[in-house]
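J.: Residues per chain, in single letters:
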Amino acid sequence: MLNKIPVLIVICCLLLTGCGGSKIIEDLAILEAVAFDHTDSNDNPIKTTVLYPTVSKEGMAGTQFLSANGKSSHETFINLQNLTNLKLVGGQSTILFGEELSNQGLFNIVETLSRDPEFGTRVKLAIVEGKGEELLKKKIPSIPDNAEYLYTFMDKLGTQTRILNTDKYRFLRDYYDDGIDPVLPVFTYERDNIELKGLGTFKGDQYVSLLPLSETHILNLLCGNVHNGRLMINMDDKKTSKTNQLFLSDITSKNDTKVNMRKNKTVEFILDLEGSVLEYTGTLDISKEKYQRQLEKQIENYIKTNSKKLLVKLQKDETDPIGIGTLIRNRLAYEKWKKMNWNQTYSKLNFKVNVKVDLINTGKSK
Amino acid sequence: MMVKKRGNNGDLMKERLHPFQLSILIYTIQNGLVLYSLPRYTAEYFGTNGWISIVFIFVLVNINILMIAFIYKLGKGRSIFEIIDKTVPKWIMVPFYLFIICVWIGTASMIMRLYIFIFKMMFFPALPVSLFIFFFILLSFQMLRGGLYKMTKAIVVLCAIVQPMLFLLFYLVPEFEFARFTTFFFKGGTDFFKGALHVYTAFLGIEVSILFFPMVEKKWTKALFIGNLLTTVGYILVTAICYGFFSFNQILNDLIPVMTLFEYTEVSFLSRAENLCFSVFAFKILSIIVIYFWGAQQFLGNMMKKMKPNVWIFIILACAFLFAMLPDSIVDVEKWLSWLSYCAIGIAWALPLFVLCILFIQILKKLIDRETDHAK
Numbered sequence: 298m299l300n301k302i303p304v305l306i307v308i309c310c311l312l313l314t315g316c317g318g319s320k321i322i323e324d325l326a327i328l329e330a331v332a333f334d335h336t337d338s339n340d341n342p343i344k345t346t347v348l349y350p351t352v353s354k355e356g357m358a359g360t361q362f363l364s365a366n367g368k369s370s371h372e373t374f375i376n377l378q379n380l381t382n383l384k385l386v387g388g389q390s391t392i393l394f395g396e397e398l399s400n401q402g403l404f405n406i407v408e409t410l411s412r413d414p415e416f417g418t419r420v421k422l423a424i425v426e427g428k429g430e431e432l433l434k435k436k437i438p439s440i441p442d443n444a445e446y447l448y449t450f451m452d453k454l455g456t457q458t459r460i461l462n463t464d465k466y467r468f469l470r471d472y473y474d475d476g477i478d479p480v481l482p483v484f485t486y487e488r489d490n491i492e493l494k495g496l497g498t499f500k501g502d503q504y505v506s507l508l509p510l511s512e513t514h515i516l517n518l519l520c521g522n523v524h525n526g527r528l529m530i531n532m533d534d535k536k537t538s539k540t541n542q543l544f545l546s547d548i549t550s551k552n553d554t555k556v557n558m559r560k561n562k563t564v565e566f567i568l569d570l571e572g573s574v575l576e577y578t579g580t581l582d583i584s585k586e587k588y589q590r591q592l593e594k595q596i597e598n599y600i601k602t603n604s605k606k607l608l609v610k611l612q613k614d615e616t617d618p619i620g621i622g623t624l625i626r627n628r629l630a631y632e633k634w635k636k637m638n639w640n641q642t643y644s645k646l647n648f649k650v651n652v653k654v655d656l657i658n659t660g661k662s663k
Numbered sequence: 067m068m069v070k071k072r073g074n075n076g077d078l079m080k081e082r083l084h085p086f087q088l089s090i091l092i093y094t095i096q097n098g099l100v101l102y103s104l105p106r107y108t109a110e111y112f113g114t115n116g117w118i119s120i121v122f123i124f125v126l127v128n129i130n131i132l133m134i135a136f137i138y139k140l141g142k143g144r145s146i147f148e149i150i151d152k153t154v155p156k157w158i159m160v161p162f163y164l165f166i167i168c169v170w171i172g173t174a175s176m177i178m179r180l181y182i183f184i185f186k187m188m189f190f191p192a193l194p195v196s197l198f199i200f201f202f203i204l205l206s207f208q209m210l211r212g213g214l215y216k217m218t219k220a221i222v223v224l225c226a227i228v229q230p231m232l233f234l235l236f237y238l239v240p241e242f243e244f245a246r247f248t249t250f251f252f253k254g255g256t257d258f259f260k261g262a263l264h265v266y267t268a269f270l271g272i273e274v275s276i277l278f279f280p281m282v283e284k285k286w287t288k289a290l291f292i293g294n295l296l297t298t299v300g301y302i303l304v305t306a307i308c309y310g311f312f313s314f315n316q317i318l319n320d321l322i323p324v325m326t327l328f329e330y331t332e333v334s335f336l337s338r339a340e341n342l343c344f345s346v347f348a349f350k351i352l353s354i355i356v357i358y359f360w361g362a363q364q365f366l367g368n369m370m371k372k373m374k375p376n377v378w379i380f381i382i383l384a385c386a387f388l389f390a391m392l393p394d395s396i397v398d399v400e401k402w403l404s405w406l407s408y409c410a411i412g413i414a415w416a417l418p419l420f421v422l423c424i425l426f427i428q429i430l431k432k433l434i435d436r437e438t439d440h441a442k
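Chain order of the listed sequences is A and B. Heads up: take any position in the first sequence, counting from 1, add 297, and you land on my numbering. Heads up: take any position in the second sequence, counting from 1, add 66, and you land on my numbering.
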């Protein structure tokens, strides 16, 4: 009997804990999206816009925006608190960075976010061409909630294309790694819709170059093995001086990288690609094996030349989203790696790309 | 008959712990809270691929266990108090006993407080600390009253609740990359000795097993090795996954990398699993602190045999409560905990060494006595 009383007390006390620190959902503004932008003011260089869902008394769901300026990201949050009767809390949200702010560097903001346990590691990050605030505030009739739209959009991108699968954890991981640079998707609101523009690559924490979607897909092939990928190819036809389109679907590619650090420092990418053709606007009769082989050669050439172009572009911008640094680091002794001037070495690297394409099928029609 | 008197209640001695229960007990009482920061400690002090250092420390811990096993064998199952009391007068030992009691209670309180601090920081920033401490103390009281046998049974059940969390690690495999391990070994680290001490603290708790002698079945010592092996495998698994999941500098910049690791797991029915993991982990923390309290209780009980065991439990828990209320920041707790843990490591090595020395003296004495008998 004696034993039961303390047990009862414990159970009662445990139930009581529910009363402490309660969060009532009606009193909360759960942030769905946050946009950070650079402002021209010297005093308050950061502008934060938040978007959270609201429910009216009639039960209508909607969204609300708030914007505030401040010296640091958290100061803007404090200022935002003064603009609403609700308590702002972070959630599994999307975080957008304006282009200008991204060019200056994002580390301070991302680091603050990782200090705050409210923001999870899977928070999605993206760059906005122009102002992040504008994108959140853009009214698009078919999209009731821009934040939710963006989140599911990025979720979809992540499952389709490996390199577009970005979040806070991946950004920080690649930022801290000395052999790779982070990447983030870039969105634009110029036209009628919120649109994916391409991939932004970083040097350290600064956004340096935008890769359009065609280059993003090539980069995806260079970054590692790909399953179920897609590639749209524009090939110039010398005979007719027209451009032919070819759509390669269900791509499975294996990527092997070889590093030679002797005299001519060379990095060689060996791609082994399989895929099926779902669209071809050229003149070859691709139902015949002979022409299929010819087409394979053309695709190989396309990927080869475009990969080299991309690699040179990345080299010029001193950004390494592929992780070539990691490959080289793992070949060298520690002291040699630490002594190495990476930017100099990277700019002098030679690249070789070997591609082998196998067309598995050419679709349903002959 | 002497053996039967010791312990909480006389009847406990009838049932002895099975080696299987014991290995689970050993596994559970090793200081798992350190695991949450272990990747950072190994990276900070050992540098790249610091997780391998766990293997070296594992060997050291095994030597420590070997000493305890030797004592059991040479002492023929007598408790260490019997061994010591036979040769050394009790009053000499009292200050040492008191020191051990203080260190153990202190360590337990600090582990509890650090857990509460992290828990508060992550999940309930507004709740009062004293409430958390009170719960731990109350639950400890319940477990301590049962004595070692019942405690172990409870701990085995608690362990069964904590362990399934390890399976969540499988969800992180897609993010794992061997390239992040780097090909460098122990480069960029600063202090191997300090690092070894830090990693060793993750194995602490096992030294209390030196008091188990009267309550265990014969051939129990293998349970110590099995329990320790389980701990090591768990530690290496989690730490190695961290090294392939995070980049090296990221580990250095994360206070609690394993928390972030679990935070990243997302299953269709569960996201941000660190919340669940860390809450369930309270049971492991409870086991760790209870075993230290129990150890302290044994020492106190031996010093003054006339007192009722419940009185000691009250005194220990009251001290623990006060101790735990002292520090007021994570840095404070970590400082206290690291000093107390160093002392605990000292005890873990010095106590068995001391008892072994006494045993050798006793054996030598016996031999000399026998020879003089023969001479006569």
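There's no promise every hint is true.
Unchecked claim - Straight-line Cα separation of at most 35 angstroms, DSBU-like style, residue types lysine-lysine; simulated pairs: (1) B:K374 to B:K152; (2) B:K260 to A:K301; (3) A:K465 to A:K539; (4) A:K645 to B:K253; (5) A:K587 to A:K500; (6) A:K633 to A:K494; (7) B:K253 to A:K555; (8) B:K186 to A:K384; (9) A:K635 to A:K610; (10) A:K301 to B:K152; (11) A:K539 to A:K661; (12) B:K152 to A:K636; (13) A:K636 to B:K216; (14) A:K645 to A:K605; (15) A:K301 to B:K216; (16) A:K663 to A:K613; (17) A:K635 to B:K372; (18) A:K500 to B:K372; (19) B:K139 to A:K551; (20) A:K320 to B:K186; (21) A:K465 to A:K645; (22) A:K465 to B:K260; (23) A:K301 to B:K253; (24) A:K384 to A:K539; (25) B:K253 to A:K560; (26) B:K216 to A:K633; (27) B:K219 to A:K635.
Calculated from the structure, these hints are not laboratory results.
J.: Run every hint past the structure and note whether it holds.
T.: How the hints compare with the structure:
no.: 1; hint: B:K374 to B:K152; in the structure: holds, 24 angstroms
no.: 2; hint: B:K260 to A:K301; in the structure: violated, 46 angstroms
no.: 3; hint: A:K465 to A:K539; in the structure: violated, 44 angstroms
no.: 4; hint: A:K645 to B:K253; in the structure: holds, 27 angstroms
no.: 5; hint: A:K587 to A:K500; in the structure: violated, 45 angstroms
no.: 6; hint: A:K633 to A:K494; in the structure: violated, 39 angstroms
no.: 7; hint: B:K253 to A:K555; in the structure: holds, 25 angstroms
no.: 8; hint: B:K186 to A:K384; in the structure: holds, 19 angstroms
no.: 9; hint: A:K635 to A:K610; in the structure: holds, 25 angstroms
no.: 10; hint: A:K301 to B:K152; in the structure: violated, 42 angstroms
no.: 11; hint: A:K539 to A:K661; in the structure: holds, 26 angstroms
no.: 12; hint: B:K152 to A:K636; in the structure: violated, 64 angstroms
no.: 13; hint: A:K636 to B:K216; in the structure: violated, 60 angstroms
no.: 14; hint: A:K645 to A:K605; in the structure: holds, 14 angstroms
no.: 15; hint: A:K301 to B:K216; in the structure: holds, 16 angstroms
no.: 16; hint: A:K663 to A:K613; in the structure: violated, 44 angstroms
no.: 17; hint: A:K635 to B:K372; in the structure: violated, 66 angstroms
no.: 18; hint: A:K500 to B:K372; in the structure: violated, 72 angstroms
no.: 19; hint: B:K139 to A:K551; in the structure: violated, 59 angstroms
no.: 20; hint: A:K320 to B:K186; in the structure: holds, 15 angstroms
no.: 21; hint: A:K465 to A:K645; in the structure: holds, 31 angstroms
no.: 22; hint: A:K465 to B:K260; in the structure: holds, 32 angstroms
no.: 23; hint: A:K301 to B:K253; in the structure: violated, 56 angstroms
no.: 24; hint: A:K384 to A:K539; in the structure: violated, 60 angstroms
no.: 25; hint: B:K253 to A:K560; in the structure: holds, 27 angstroms
no.: 26; hint: B:K216 to A:K633; in the structure: violated, 58 angstroms
no.: 27; hint: B:K219 to A:K635; in the structure: violated, 53 angstroms
Of the numbered hints listed earlier, those contradicted by the structure are 2, 3, 5, 6, 10, 12, 13, 16, 17, 18, 19, 23, 24, 26 and 27.
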